[in-house]
Amino acid sequence: MIELRDVHKRLGGRQILDGLTLTVPEGMNFVLMGPSGTGKSVTLRHVIGILKPDQGSVRVDGQEVPAMDRAQLMALRKRMGYLFQNGALINWLTVAENVALPLREHGRLPRAETDDRVHEVLRLVGMDHAAHQYPPSISGGMRLRTGLARALVTKPEYVLYDEPNAGLDPIISQQIHELIVEVRDKVGVTGLVVTHSRACATFCGDRIGILEQGRLAVEGTVAELAHSDHPLARAFLGGDAD
Amino acid sequence: MNVFAKLGGFLLARVDSAGYVVDLLVRAIGSLHRLPRRLRFTLDMAFNAGVRSLPVTMVVAAFAGAILAMQTGIELRRFGDTAVLGTITALSMCREMGPFITGVILAATVGSSMAAELGTMQVSDEVSALEVMSVDPVDYLVLPRVVALAIMCPLLTVLSNLVGIYGGSVIAEHNLGVSPDLFWQSAREALTSSGTLLPKEVYVGLFKAFVFGTAIATVSCASGLRASGGALGVGLAVQAAVRNSVILIIVLGFIVTWFFYFLTG
Ligand SMILES: Nc1ncnc2c1ncn2[C@@H]1O[C@H](COP(=O)(O)OP(=O)(O)O)[C@@H](O)[C@H]1O
Ligand SMILES: [Mg+2]
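As you go down the protein sequences, you meet chains A and B in turn. Counting from 234, one number per residue, gives the positions in the first sequence under the numbering used here. Counting from 10, one number per residue, gives the positions in the second sequence under the numbering used here.
Since the hints were derived computationally from the structure, they do not count as laboratory data. Among the hints, a few may not be true.
[What the hints assert, rightly or not] Among the chain B residues that face chain A by a calculated CB cut under 7 Å, a handful are:
(1) E135
(2) A138
(3) V141
(4) M142
(5) V144
(6) D145
(7) S188
Backbone N, C-alpha and C define an ideal beta-carbon position, used for all residues, glycine too.
The shape of chain A in the complex, shown without the other chains (with noise of 0.2 Å):
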């Protein structure tokens, strides 16, 4: 389960999180909606320890992010996938390779069980056939099922998805949000994820929050969210939106 607690944090000198608490069961999708620039991305960051609240509090199963050491924070970035917008790949490494990077940095597997392992996760998000490509000579689309791969390769209990579909035509997204589900049922795991897109918080959320002015202005199930008046909800969700 995933905490947040009356989290502040100013940047730059803005108020980014004013006050924000949000709750991420076992087994489910969050999805966090909201206007760009309202702090998701942010809010991601802290739930994974690259920020630090100002004020509030971040746990994950109990333990205070914030708080912990560099050992702790290992531990914990081990058993969390992060998805970052476009992929985020290392340009000069293949796609194997960039699945294969956090277990070879911290190679404590033998070399055959992590081209396994690779392989594994490559197939589940139907990249295997491009192995040995590079980044930059593959589509967004396969840079993101990359991130995806290479999210998922340390068998992380939760992965945190910023905008897996910005910038994707509407089938490919489809095929994105179909493997966000296909995480969730088959590998059992616990996201949070952001976007913007009607589509994909429909499709992959069970719960959804939208976030404005720091904190979360509404909360509630797909279905509460798609009937509520609350004119976010209808500006995210509804009829006209996406």
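Following the hints, position chain B with the ligands against chain A.
Below, chain B with the ligands alone, put in the same frame as chain A:
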């Protein structure tokens, strides 16, 4: 008031970024034990840096040597003492001009591309991606680059020195009437006549080149890692990298010369 606030802000920003560079260097040195893992990548980097900057460095070094010979030759000719032209060209090239030229060219070619590369990685979240995989960006990205330039800058400097002395000899022969034999003999004597294997000038020059290489790579990586705000931010990072590298080359060059020739005699 406003002017002072601005000036204060400006100075604070300078101190802050200088602090970041020093911290980065300390952390890179602290992760030296990881170098064996990064050896292949480091050697690739060093090789690329050398190949990319070699042609320009050689052309510029030849001209620098020629300029040195001309400048000193003009004065020496008045005293009729052009026989020592080889000595002066060789020693000034090794002590000052070789490392300086090499450093400036490396800053412009390799330093700028390091800043662009790391800056692009920073603004497209690739550096954060390394962090969430518990891969230290200093050890993974900065260390190989710093070591690569710390090795490559002295090696290129050796070539610059030789090419520069050759450039000087051409001017000496054609414009100052010093025969190549005499020029090279005095140059060779200057470079071999001390008790040690090579004279102090050569060692100081190579040490300088080592300092320059380390500084250029550290400053350029720091600019890249602190880039923000998309393509525009990357452009500004490259600009800052080259500007700060050149400033450092001049200041550090002064400090090293001063230390070896005036402080410790
Ligand atoms: N490290 C940082 N330093 C200063 N400002 C930041 C930093 N990270 C994010 N911000 C600012 O915080 C705001 C929220 O950013 P972000 O979480 O990326 O927005 P989004 O909701 O679109 O993901 C933006 O205005 C951004 O400029
Ligand atoms: Mg974002």
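Going down the list of hints, with the structure as the test:
1. Of the supplied interface hints, the one on E135/B holds, with its beta-carbon coming within about 5 Å of a beta-carbon of chain A, less than 7 Å.
2. Given hint, A138/B at the interface with chain A, holds; its Cβ is 4 Å from that chain's nearest Cβ, closer than 7 Å.
3. For the restraint placing V141/B at the interface with chain A, the shortest Cβ-Cβ distance is roughly 4 Å, inside the 7 Å limit, so the hint holds.
4. Here the hint on M142/B is kept, as its CB sits about 4 Å from the closest CB of chain A, short of 7 Å.
5. Because the beta carbon of V144/B sits about 5 Å from the nearest beta carbon in chain A, less than 7 Å, this interface hint is met.
6. About 9 Å separates the beta-carbon of D145/B from the nearest beta-carbon of chain A, more than 7 Å, and the hint is not met.
7. Contact between S188/B and chain A, as hinted, is not supported at the beta carbon level, the nearest pair being about 52 Å apart and thus beyond 7 Å.
Of the numbered hints given earlier, the model fails hints 6 and 7; all others are met.
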